[in-house]
Structure formats: C-alpha cells, structure tokens
Amino acid sequence: MYSEKVMDHFTNPRNVGEIENADGVGQVGNPKCGDIMKMYLKIENNVIVDAKFKTFGCGAAVATSSMATELVKGKTVEEALKITNQAVAEALDGLPPIKMHCSNLAEEAIKAAIDDYRAKNGLLDENAEKNACGRRCDDIHHMHEEE
Amino acid sequence: MGDKMIYLDHAATTPVKPEVLEAMIPYYTQKFGNPSSIYAIGRESKKAIEEAREKVAAALGAQPKEIFFTGSGSESDNWAIKGIAYANRDKGNHIITTAIEHHAVLHTCQYLESEGFEVTYLPVDENGLVSAEQVKNAIKPNTILITIMFANNEIGVIQPISEIGKVAREKNIYFHTDAVQAIGNIHINVEDMNIDMLSLSAHKFYGPKGVGALYIRKGVKITSYLHGGAQERGRRASTENVAGIVGLGKAIEIATQRIDEYNSKLVALRDRTIEEVLKKVPFVRLNGDRYRRLPGNVNFSFEFIEGESLLLMLDMKGIAASSGSACTSGSLDPSHVLLAIGLPHEIAHGSLRLTFGEENTQEDVDYLIEVLPMIVERLREMSPLYEAYLAQNKK
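For the protein sequence lines, the chains are A and B, in the order given. First residue of the first sequence? That's 1 in my numbering, and the numbers climb one at a time after it. First residue of the second sequence? That's 1 in my numbering, and the numbers climb one at a time after it.
Just chain B, same shape as in the assembly (with noise of 0.2 Å):
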C-alpha cells in the first residue's frame, strides 16, 4: 500500500487550512502583542480578536459583542450548561437534553445532577431523531434550560433545531444547541431559529486545534466562566489565544461561504459510499436518518465483527476511520449514541463512522468499497458469532 493515506475521519478532526495557517502566523511571530495591553502591537492583536468575532458573529446571524472565544468546544458546553444551571437556580432546577448528546454535554449534565440539578435526557427513535413534541412534553415548571445538539458526532443524525427553538421560546425557556459538527456543513440563524447560545470549535472546520467559541444571545442570564481578568468582557478569564481565534474567524469565514459547494461534494461522496456498502455486503445497516444526515457522515454496523479490529485492518490498508466500538473508547460499552437508537450491544459493537472531507474524491470511495467488503468478509470468516450464525441457518 506504501504511503497511501485516505483520511475519513472529519468529525474527529480537520487539517488546518494553509489560508488560515497563512493568517495565524503573524500572531505568533512579529504580531505577539497581549491584546490587553496599550501600546501599538497590544492594540493591533486587540483588532485582529474583534475582527474574528465579526466573522463569527456573521457566521452565526449574530452580533459581535454576543460571541465569546473559549478554549475548545467542550468548554463552551460546559459553559453554556453549567453557566445556566448556576445563574438560575432561583428559576428552576431542571434541564432538557438528549441520550445522544456528546460526552461534554452528558458529563456535565451528569456532574449537575450531583449538584442537585434534575435532568432529562429524552429518548431518541431508531434514527436517531427526537422531536419539538417530546421536548414541549417534558417541560416542567421548574425547567431552566433545553440542550440538544445540532447534528449528531456518530450517526450524522440533524436535529430539528428551529422547531425546538421555537418551542423553547415560547415557553421562555434558555435554549442551548452544540454545533460542534454542524458548522460549515449547515446553514445557522441564531435569530430565526431562536437560539439562545451555541458551542462551536475550530478545529472541525479546517481551523485549529484548541480553541471554540461560545454564543450567548443578549440579555441571557448566565454565570461567568473563568474568573480572573477582563478578557471576553469579564466573563472568561484568560489572555486570549490570538492566533487562534484568529485562525478560528478566517476559518469559520471560508466554511460558511462555500457550504452550498461543499455540501454537494461531500453527499456525492457519502451517498455512493451507502449505496454501494450496502449493496456488496451482507449483514449490514445504516445508522441515523438516511435523509436528516450531515453531508459527510457514514455509519455503518457490521453483524458478526468487531469495530476494533476493523479499524486495526482499514488502517493497514491506509484507510483511517473511527468506531463506536468499546474498545476505542477504553470502556466496555459501546457508544451510548448507537445502544440510544436501539442496536444490541454485539452490534453497536461493529459499527465504523466514515467522515468525508475537503480532501475526499470519488477515487477514495473506489479504494473504500473495494477494500471494506473484504476486510469484513476476512474478520467474519475468524468469528464464533459468525459461525454460529451459519450453523443455525443450516439446520
């Protein structure tokens, strides 16, 4: 196989862009200024920070002031929930999400419920959908905050944000969205569709690596973050990570403006991806909507095998995808998201998240088909479970 590297892992991350890399440089070198500072390069650094919460406020249909820069996506969940829960714990102790969402949001919802907090955490169907009835069905008076996910990390699944959001408002009641995967691939008006604060991270959209952004609309109710000094208008500490953010506004700029173009690229890429996987293997499903899915995601499980040892295979073929399998994520069970949609264990077990990207082309999707079906075939013919399966089926 040599050097052949097909990278199809898009929502575990992205590479820089060189546009925006070009853009970060400065910020490191000749352009090092502490934005708080006065002087010349101070207040030049202090510019470049504003003029990237521009281009994200413009991404999002929001204003400048309501966009705050943080260290990652998980930190702007953490701050968006924890934030909310604290600041109106005379309201209401109650929060809304999803058995699917991503572990920043779970976790945090798990750690408020130590602090006394109720959550919970809606079912979802077998594609992974939960919908504004169930949300309306589970407010209570005591409800502070509703957070669920734009668009699903494993199983691609969107979430249909504007009618939550509406529900959410007119009950008057914080709504929250973690777009973390959503970003560059889905079109987002903060204002049509009623969010009240949204959770983004670089690195997703061919930014870098270690920094996000929060949103929090005007007038939120909401406790400070990191306390220290006034960075991000006091309410996270920190000297900012110039380059970084500035890095996160070139790169949220170019994702938003090519969506249309991108979008149409990558379904091309995924749908012939479904088509023909389910077409030249057996035993196989597609997990979330077929439809309401991000352009680029593909998941797959595969009876009999276990995702591990795929992953271990297509890596040898050069291939470098992901899993829902236990064994990826150092614990036993597998993806929460995949048991949520109702897969038994053995074969959440065999799933393989694909995620396509600006790199892609359709000569990628030839390598994957051809090679996948006989990797799965090679790990089906050393399974007891496989075996098994024959066996019955024999009788």
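Excised from the complex, chain A in its bound form (with noise of 0.2 Å):
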C-alpha cells in the first residue's frame, strides 16, 4: 500500500520532537478526524533553519509530516509557501488516493506555521488573508464515500 520511502519516513522519521522558543509553530487538523500536524519552524534573516513536527496520524501522515520539515529546511519563506501537497508527495514517491489529505494537512501545517511567524513579527498585514485555509474531515469524507 505505501512506498518503500514512505515506509522509511514513518518508521525514522525525520526532524520529531520540539523546538524550544520556535519563531513560528503551527497546528492543523482535527482529532476527530484522526490526524493532528504540529510544526515548529526556526527562522533567521527569512530563512527557515531548522523545523520540527509532532503527529497524531497514521502511517502517511507521519511520512507527509517528516518530509515536510525536511523540504522546508534551508528555504526561505516565500519558497517554503510554494511547497505544495502534490510536492510532499511525490517527495515520497507517492501516496495511495485516500491518504492524499494527509499531503494537504502537510502544507497547510507549513502554511500555519509560517502565518504564526508572520503574525509574531508584525509582518502579516492584518487585511490579508492567511495562508494556511481551515479544513474539516468531513469534505474529505463525501470525497472517499463511495469506497
């Protein structure tokens, strides 16, 4: 069902755990749902220098989590927002159809992470609308019904 990369994210995942005084961190998803991203971002003269996750998921959610903070690594902001969910993935080589919303929450954790950095540093203009979107299990749901 997943590939060999995504089996060697999730059994060593890359980058776990906290950063201390991270200058962004961001949190999506719903417990409900049965996937949590955290993702703690340190960033210096707008770039991304180290980044940290913490998950509650399944297998594709802690693979899409630690390749993540492994892409945003020595970017700078502005390129860690273009990561897209298809870019997770096919970091990974790939994703089953069903466990692609795991590649959305990845982006939008990065995205999250980011507006908080933005919001802490005074740099996100208060008119502007975020980056990271809501999201809610239930729209992924309709789309898998049929299954």
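Take these hints with a grain of salt, some might be off.
To be verified - Under 10 Å between C-beta atoms, here's a sample of chain A residues computed to sit facing chain B:
#: 1; residue: Phe10
#: 2; residue: Thr11
#: 3; residue: Gly17
#: 4; residue: Gln27
#: 5; residue: Asn30
#: 6; residue: Ile36
#: 7; residue: Val47
#: 8; residue: Asp50
#: 9; residue: Lys54
#: 10; residue: Phe56
#: 11; residue: Cys58
#: 12; residue: Ala60
#: 13; residue: Ser65
Note that these hints are calculated values from the structure, not bench results. Model, not experiment: these values are computed from the prediction. A virtual CB, placed ideally from N, CA and C, is assigned to each residue, including glycine.
Grab the two chains, each in its own frame, and use the hints to assemble them into the complex.
Below you can see the structure in the form of structure tokens.
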C-alpha cells in the first residue's frame, strides 16, 4: 500500500520533536478526523534554519510530516510557502489516493507555522488572508464515501 | 526480527486446517462431478454435499434440510434480511437490529430503508450489550424481523441471544442472528435459543474462504436468493462449491467438537493479555464487556495515538493485528462499533483488535506484551495530543 520511501519516513521519521522558543508554530487537523500535525520552525533572516514536528495520525500523516520538515529546511519563507501537497507526496514517491489528504495537512501545517511567524513579527497584514485555510474532515470524507 | 510472524487477527480469517484441506482436495481433482449430474461422480459430489449439510445441522441442533449453503457470511446475511423483508411485506415493513452489526447487516438494512422499509437500530450500552427488554420495547405491530449478531467482530461482545430469541418467539417475529464470529466459540442450539435464521462463514473457523451457510427454520417464509437451477432446493441457484462445502462441513465438525478445550486455551491468552496491557500501559481502555466476550477477542483503545500507525509498527515487529481506526477502513470515520459504545472519535481512532486462535501460545503473549508498550510509548512521544495533555497537567 505504501511506497518504500513512505515506510522509511514512517519508520525513521526525521525531525520529530519540539523547538523551544520556535519562531513559528502551526497546528492543523482535528483529532476527530484522526490526524493532527504540529510544526515548529526556527527562522533566521527569513530563512528556515530548523523544523520539527509532532503528529497524531496514520502512517502517511507521519511520513508527510517528516518529509515536509525536510523540504522546508534551508528555504526562505517565500519558497516554503510554495511547497504544495503534490510536492510533498511526490517527494515520498506517491501516496495512495485515500491518503492524499495527509499531504494537504503537511502543506497547511507549513503555512500555519509561517502565518504564526509572520503574526508574531508584525509581518502579517491584518487585512490579508492567512495562508492556511480551515479544513474539515467531512470534506474529505465525502470524497471517499463510495469506496 | 527475521521471519517471525505472530498472527493475532483470527476474527479477520483463519488458516485452513490440514485435515480440512485434505478432505477438500479430491473434490477438485478426481471427484470433480457436478452434483446435479446423474452418473456416479455426480452422485458422489451430491453425497458429499449432503454429508456436509448433516454436519452443519448437527453443529447447530437443526435438521439437514434447514441448512442452505451460500458463498459467504455476507451473502447469508443479505439473503436472510432481504428474503424475509420481501416475502413478508404484506405483514409489515419494520426491522429491528442494533447499531453494532457487521456491515453485511447494517448496509443491507440501509438498502431496505431506501426500498421503503423502516429500521430501528438499537443502541448498545457502554459494554456493547443490547438487552432483550430493549428488543421487546422496539417491537411494533408492523415488525417482521429482528436481526441481532451473536458475537461482535470488533469488540467480541456476546449478546443475550437466548433471551432475545424468547422475546421474538413470544411475539411471533422472525429472528435472524449473524453468528459468523460465534461458531466454534460458543455452544449454539437453534431450537433452545429460538433462532429462526443463522448466518455462518467457513473461513472464520479454519475452513476455506468463499463458502458459508444460512440456517432457515422449516416453515419460515423467505424469498429465494439466486434464481436459476434447482440447487439448494431451488432457493439458491448456482453449481455448488463442492470442495468448499466439504471443507465447511469438516471444519464445523472439528470446531464444535473442541469448543470447550479451545475456549479454555484462548481465554488464558486473552485474559493475560488484558491484565498485562492494562497494568503496563497508561491511558488505555478495554473495549467491550470484560466477561461476556469471545474467548479470543481483545480490543483496546490507546489514548493520544492513531491505530494505523500502531498496526504498521506492530507489523514491523512481526505482529499481525487489526484496528477500528478510520485509516484502515478507507473512510475517515472510526469504527461504528466503537462510536456506538460511546468512545469519542479521537479515542476510537487509537484502537487495536487482537484476536487469538489455534496456533497462538503464551510465548506469543510474552512477545506482544514486551513489544506493544514500547510502540505505544514511541507513538505518544511524537503525538501533539500527548504533548498537550502533559503541558496541561504540568500547570
């Protein structure tokens, strides 16, 4: 069901943990839906120098969290915001269709952490839309109802 | 870990016993005749089917002509429920079942609702039990069928089938039970228990996959399921799965003969697992009644972690188990059974079902209770829910 790369990132997840005094922290997901991703970013001169995560969720949720932290490290904030769920999934050699929502979660966790960073640093225009959007588990549920 | 594999998912399926397979093989090769044929090898197949029918009847305390072979437990459930519904529409359109049935029953009932039938899904208590009193109170003048599972596939809880059968008989309403998980684990007698229909499936008791049976009490008004040839007394057309039926017969014979011995073995494995895990792991609960449960069934919910991750980690350690987690079912909702006993979604997501069987030993339990607490701890260490819980309790 899962690619070797997913299993590798599930078995040996990179960057598990917390960052004390993180510059940006984002949590997305809902325990009701069975997955929550919390991402911690350390940002220096607009560059993400460290990333860590904690995840409650299935194998794909853990693996996408791990991959997302790997992908954002070394990137500027603007570059990190361009990471899509597709990019996370592709970096893992793909995800089963039913698990694609896990990669959405990873993309949103990055955005939520960056929103938090910007808000803390007065970089967020109050009128501007936040990058992370609310997500409900039943949205995805309907997609898979027929399976 | 090497090639070690500890199979703890006997509620999903069981291996075919060597003596069962041995009994089946001739019916694939030299004894391949069609049971409907008139010549010797045809008659031989027919005879084998009738012998298997006698074995099933003996196991249930029924008459051989009340046993009908089907393709699976799900087919038996579909036949019993739709067959009664369609044949008795003139009498009423109300069906009583429970919220924790197998999907073969639940989805069949939901389908019938779309066809104009009315279904009552009885709630269960926190241990997963329904009472005969609840059933009695749900009966209406238009009730035509009560369908309640013997033992639950997820949490192993055993329903008061005799009491429910009594209520159904008193009110003259047909009573069907899905006994797929119960066969070979519980002594069943359809006469004493007032059961009118009973579904069973061979692969749950060391028989082959793809063959089941439905007991239909003589005189029950039910429509035929598959239309075609005269097989199964015209009730279920299809050339018979002769080898499968022979396997089912052999397997049920063995399974019912050794119920007591099998039970005491499984209960020892089950009880030690429950005691040790509850002792060693914090924030865990046992789902389903502690005592009124199948001898081989254990079902835990571990707080702060998710079931699929737990299964993957157990698999890496060579342990095959199952979960009521959404992620293993292909939907995002956790098990309907765990929700019905009142578990919040997030706790239901962290469930683990272990079902013991013939090949398991106390050494398997030793290994399980060594490995499982470490895995749970590891997953909790990466869980933001656990982190939040610890932070809250520090304050």
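Hints and how they fare:
no.: 1; hint: Phe10; in the structure: 6 Å, holds
no.: 2; hint: Thr11; in the structure: 7 Å, holds
no.: 3; hint: Gly17; in the structure: 8 Å, holds
no.: 4; hint: Gln27; in the structure: 6 Å, holds
no.: 5; hint: Asn30; in the structure: 9 Å, holds
no.: 6; hint: Ile36; in the structure: 5 Å, holds
no.: 7; hint: Val47; in the structure: 25 Å, violated
no.: 8; hint: Asp50; in the structure: 17 Å, violated
no.: 9; hint: Lys54; in the structure: 4 Å, holds
no.: 10; hint: Phe56; in the structure: 5 Å, holds
no.: 11; hint: Cys58; in the structure: 4 Å, holds
no.: 12; hint: Ala60; in the structure: 8 Å, holds
no.: 13; hint: Ser65; in the structure: 9 Å, holds
Comparing the model with each numbered hint stated earlier shows that hints 7, 8 do not hold.
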